[in-house]
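Participant: For reference, the chains in residue letters:
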Amino acid sequence: MMSHRGRTLTGWGVVNLLVILYALIPVCWIAALSFKDPSTLTDGNFIPREWTWANYRGIFQTSEFTRALVNSIGIAVIATTIAVVLGTMAAYAVARLRFPGKRVLIGMSLLIAMFPPISLVSPLFNIERVLGIFDTWAGLIIPYMTFSLPLAIYTLSAFFREIPWDLEKAAKMDGATPAQAFRLVIAPLAAPGVVTTAILVFIFCWNDFLFAISLTSTTAARTVPAAIAFFTGSSQFQQPTGSIAAAAVVITVPIVIFVLLFQRRIVAGLTAGAVKG
Amino acid sequence: MAEIVLDGITKRYPDGALAVRDFNLTIADGEFVILVGPSGCGKSTTLNMIAGLEDITEGTLRIDGRVVNDRAPKDRDIAMVFQSYALYPHMNVRDNMGFALRLAKVDKAVIRTKVEEAARILDLTQHLDRKPANLSGGQRQRVAMGRAIVRDPKAFLMDEPLSNLDAKLRVQMRTQIAALQRRLGTTTVYVTHDQVEAMTLGDRVVVMRGGLVQQVGTPQHLYDAPVNLFVAGFIGSPGMNFLGATLEQNALRTSLGDLAVDDRLRRLLERQDAPRELIVGIRPEDFEDAALVGERRTGQACTATVDVRESVGSDVYVHFTQEGGPAGITELAELAADSGLADTGMRGHRIVARLDPATRAAEGSPMDLWIDTSRIHVFDPATGANLTHPERAEY
Ligand SMILES: Nc1ncnc2c1ncn2[C@@H]1O[C@H](COP(=O)(O)OP(=O)(O)OP(=O)(O)O)[C@@H](O)[C@H]1O
Ligand SMILES: [Mg+2]
Numbered sequence: 001m002m003s004h005r006g007r008t009l010t011g012w013g014v015v016n017l018l019v020i021l022y023a024l025i026p027v028c029w030i031a032a033l034s035f036k037d038p039s040t041l042t043d044g045n046f047i048p049r050e051w052t053w054a055n056y057r058g059i060f061q062t063s064e065f066t067r068a069l070v071n072s073i074g075i076a077v078i079a080t081t082i083a084v085v086l087g088t089m090a091a092y093a094v095a096r097l098r099f100p101g102k103r104v105l106i107g108m109s110l111l112i113a114m115f116p117p118i119s120l121v122s123p124l125f126n127i128e129r130v131l132g133i134f135d136t137w138a139g140l141i142i143p144y145m146t147f148s149l150p151l152a153i154y155t156l157s158a159f160f161r162e163i164p165w166d167l168e169k170a171a172k173m174d175g176a177t178p179a180q181a182f183r184l185v186i187a188p189l190a191a192p193g194v195v196t197t198a199i200l201v202f203i204f205c206w207n208d209f210l211f212a213i214s215l216t217s218t219t220a221a222r223t224v225p226a227a228i229a230f231f232t233g234s235s236q237f238q239q240p241t242g243s244i245a246a247a248a249v250v251i252t253v254p255i256v257i258f259v260l261l262f263q264r265r266i267v268a269g270l271t272a273g274a275v276k277g
Numbered sequence: 001m002a003e004i005v006l007d008g009i010t011k012r013y014p015d016g017a018l019a020v021r022d023f024n025l026t027i028a029d030g031e032f033v034i035l036v037g038p039s040g041c042g043k044s045t046t047l048n049m050i051a052g053l054e055d056i057t058e059g060t061l062r063i064d065g066r067v068v069n070d071r072a073p074k075d076r077d078i079a080m081v082f083q084s085y086a087l088y089p090h091m092n093v094r095d096n097m098g099f100a101l102r103l104a105k106v107d108k109a110v111i112r113t114k115v116e117e118a119a120r121i122l123d124l125t126q127h128l129d130r131k132p133a134n135l136s137g138g139q140r141q142r143v144a145m146g147r148a149i150v151r152d153p154k155a156f157l158m159d160e161p162l163s164n165l166d167a168k169l170r171v172q173m174r175t176q177i178a179a180l181q182r183r184l185g186t187t188t189v190y191v192t193h194d195q196v197e198a199m200t201l202g203d204r205v206v207v208m209r210g211g212l213v214q215q216v217g218t219p220q221h222l223y224d225a226p227v228n229l230f231v232a233g234f235i236g237s238p239g240m241n242f243l244g245a246t247l248e249q250n251a252l253r254t255s256l257g258d259l260a261v262d263d264r265l266r267r268l269l270e271r272q273d274a275p276r277e278l279i280v281g282i283r284p285e286d287f288e289d290a291a292l293v294g295e296r297r298t299g300q301a302c303t304a305t306v307d308v309r310e311s312v313g314s315d316v317y318v319h320f321t322q323e324g325g326p327a328g329i330t331e332l333a334e335l336a337a338d339s340g341l342a343d344t345g346m347r348g349h350r351i352v353a354r355l356d357p358a359t360r361a362a363e364g365s366p367m368d369l370w371i372d373t374s375r376i377h378v379f380d381p382a383t384g385a386n387l388t389h390p391e392r393a394e395y
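If you're matching them up, the sequences are chains X and C in order. Counted the way UniProt numbering counts, the first sequence spans residues 1 to 277. Counted the way UniProt numbering counts, the second sequence spans residues 1 to 395.
Incorrect hints may have been included.
Stated by the list, open to error - Short derived list, chain C residues pointing at chain X, Cβ under 8 Å: (1) Y13; (2) L53; (3) P73; (4) A79; (5) S84; (6) Y88; (7) P89; (8) L103; (9) A104; (10) K108; (11) V110; (12) A290; (13) Y317.
Bear in mind the hints are in silico, worked out from the structure with no lab data behind them. Even for Gly, the Cβ is constructed at its ideal location relative to N, Cα and C.
With the hints as extra help, turn the sequences into a complete structure.
Facilitator: Now the structure itself:
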């Protein structure tokens with residue numbers, strides 16, 4: 001006879017399995033498609049009969065995809081860096097200082113995050129054309145930064161609030177300047193928060209399609225999600241399904257690796273032991 | 001090592017809260033001074049102002065003769081031990097203790113020897129390479145102490161450093177801190193709201209209430225000659241017993257009977273224009289089982305019914321209830337709230353007497369008690385001032 005605990009565990013196991021399947025099947029499908037030969041795309045098999053790298057070779061042969069990949073990496077990295085640096089400073093202030101208008105500031109930043117991006121696309125399109133940053137890296141980096149900053153400030157200030165204020169006072173008493181206290185005590189403790197935030201922001205920039213498709217017109221700044229939409233088959237009678245699947249896999253893999261790599265750091269509560277506990 | 005002088009120190013927080021008012025104190029070089037008082041009386045605020053973590057609103061703070069009001073904490077050369085310990089969780093014990101020296105760019109080898117020396121004193125040698133998360137509460141507390149002593153600073157400031165330890169460890173650490181301070185001879189300001197710590201640790205004790213210094217003196221002096229109701233009730237455990245009293249011709253009429261007023265006390269009361277309604281304070285040890293006193297000493301006998309008898313071996317504590325305790329005195333209400341007595345739901349007014357273990361007192365039966373009337377305190381209910389010891393506090 002199964003114990004109550006055992007039954008609960010099995011119940012949870014089944015639920016977990018369902019959720020995982022639901023999340024993974026589309027991914028596996030795309031991966032499977034990417035390994036199929038264009039002629040067998042529609043043969044109805046989930047697992048390819050004949051495995052081929054042709055799709056991957058194909059997308060890396062044209063500059064259409066590689067150029068987009070470079071754009072994607074560059075834009076996402078720069079936008080993430082700026083957003084996280086600014087977000088860290090803002091979040092620190094939000095968590096630690098009392099200043100007039102703090103609530104307004106937080107409210108405003110959340111307001112930005114809640115604004116539906118689609119409604120801003122056409123104004124941004126016009127503004128960027130006037131400013132001459134349409135179809136440039138900056139033209140994407142700036143909106144990405146703007147839209148990810150609220151997220152960054154919000155998550156980071158939660159992390160900063162977790163760090164006992166006494167630690168900073170202790171550092172001060174130990175003779176640290178404010179900069180030293182931040183660099184040697186606060187920053188190392190906030191690192192998991194910063195990494196988490198960076199990953200979230202990076203994923204946001206990396207996955208964005210709306211801005212990428214609307215604010216670019218050539219390969220100068222077109223990122224992968226947008227570029228995929230411009231894929232064509234090798235002849236006009238062929239669907240570019242295989243290439244699209246391959247490109248999708250290529251841009252998904254780095255994210256997965258990222259998260260796996262930093263997962264433990266993110267979860268670990270680094271501040272354990274600072275105070276009485 | 002240094003002399004610390006607080007001259008009219010006042011702290012007003014930006015929100016208008018007046019946390020400390022006109023604090024005057026000269027802390028001699030090497031002295032161990034305790035700040036004690038109920039929660040929210042401004043102890044931490046005072047300490048933080050000495051440390052430089054809080055701005056001083058008014059007054060001057062001098063360390064070694066130099067005004068340091070506007071100096072950053074790092075330029076005051078003072079070490080602080082926090083109630084939460086505030087250990088750096090990402091550094092091991094060695095780095096925690098050496099952090100200040102590292103910031104001061106002290107030679108690595110010197111840091112090493114100093115840290116190891118401190119670790120030896122505090123019995124932390126085998127834990128030097130562990131992270132704070134892997135230490136017990138007592139060990140963390142010692143690391144926090146170690147972080148202060150490796151620097152060899154001008155003064156130590158400690159804000160309730162023992163309040164997170166369990167009772168037994170607290171007693172142990174208390175003696176360790178006292179020994180350490182004597183050995184190092186470093187000026188120390190120690191904040192606590194535990195009056196036992198205050199009595200046992202310090203050379204001098206500063207009793208605070210609502211941001212105001214009530215009395216400064218040696219523990220014994222505070223105990224023997226408290227200037228007012230608040231100090232009298234705060235110092236001592238169990239606390240002083242208070243009774244409402246009416247001044248008659250030759251006696252103080254209380255619910256425990258008439259207490260004779262001797263010549264000295266009468267003269268004191270007359271000189272100070274004492275009102276007729278007074279409050280009498282009697283320390284638990286100034287009671288005795290009348291059967292054990294005999295005729296040898298003068299005093300007053302009375303009868304009361306024992307509610308609870310607690311034997312602690314060396315003494316017997318007897319609790320009994322009296323109707324008509326002093327009512328409407330804010331100091332006493334505050335003291336009761338601070339000690340948690342207000343929440344016990346006890347009716348009437350509780351009196352505690354400390355008796356010789358030979359006493360036959362039994363719960364539920366009446367007993368004859370003897371009161372040492374030469375040691376009673378008489379307070380003015382309006383001002384709270386102790387009329388028995390009218391001299392101002394020694395500063
Ligand atoms: N940052 C602040 N802003 C406004 N008021 C404050 C601030 N810090 C403390 N206070 C007020 O100042 C008074 C004294 O506070 P303080 O922390 O010095 O008390 P304390 O004696 O250390 O009490 P405890 O024993 O609880 O630690 C309190 O009434 C408190 O509410
Ligand atoms: Mg405090």
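Participant: If a hint holds in the structure, say so; if it doesn't, say that too.
Facilitator: Against the structure, the hints come out as follows:
Because the smallest distance between the Cβ of C/Y13 and any Cβ of chain X comes to about 11 Å, over 8 Å, the interface hint for this residue is violated. With a cut of 8 Å, the hint placing C/L53 at the interface with chain X holds, because the nearest CB-to-CB distance is about 5 Å. Annotation: interface hint on C/P73 holds; nearest CB of chain X at approximately 5 Å, less than 8 Å. At about 6 Å, the closest approach between the beta carbon of C/A79 and any beta carbon in chain X falls short of 8 Å, and the interface hint on this residue holds.
Satisfaction of the interface hint for C/S84 is found here, the shortest Cβ-Cβ separation to chain X being roughly 4 Å, below the 8 Å cut-off. Here the hint on C/Y88 is kept, as its CB sits about 6 Å from the closest CB of chain X, short of 8 Å. Annotation: C/P89 was flagged as interfacial toward chain X, and the flag holds, the nearest CB pair being 4 Å apart, inside 8 Å. Using the Cβ-Cβ criterion of 8 Å, the hint placing C/L103 at the interface with chain X is satisfied: the shortest such distance is roughly 5 Å.
Because the closest C-beta pair between C/A104 and chain X is about 6 Å apart, less than 8 Å, the hint holds. Nearest Cβ of chain X to the Cβ of C/K108: about 16 Å, over the 8 Å cut. The hint is violated. Among the interface hints, the one on C/V110 is violated; its C-beta lies about 16 Å from the nearest C-beta in chain X, farther than the 8 Å criterion. At a threshold of 8 Å, the smallest CB-CB gap from C/A290 to chain X is about 48 Å, leaving the interface hint violated.
The interface hint given for C/Y317 is violated, since its Cβ lies 32 Å from the closest Cβ of chain X, which is over the 8 Å cut-off.
Taken one by one, the earlier hints fail for this structure at numbers 1, 10, 11, 12, 13, listed in ascending order.
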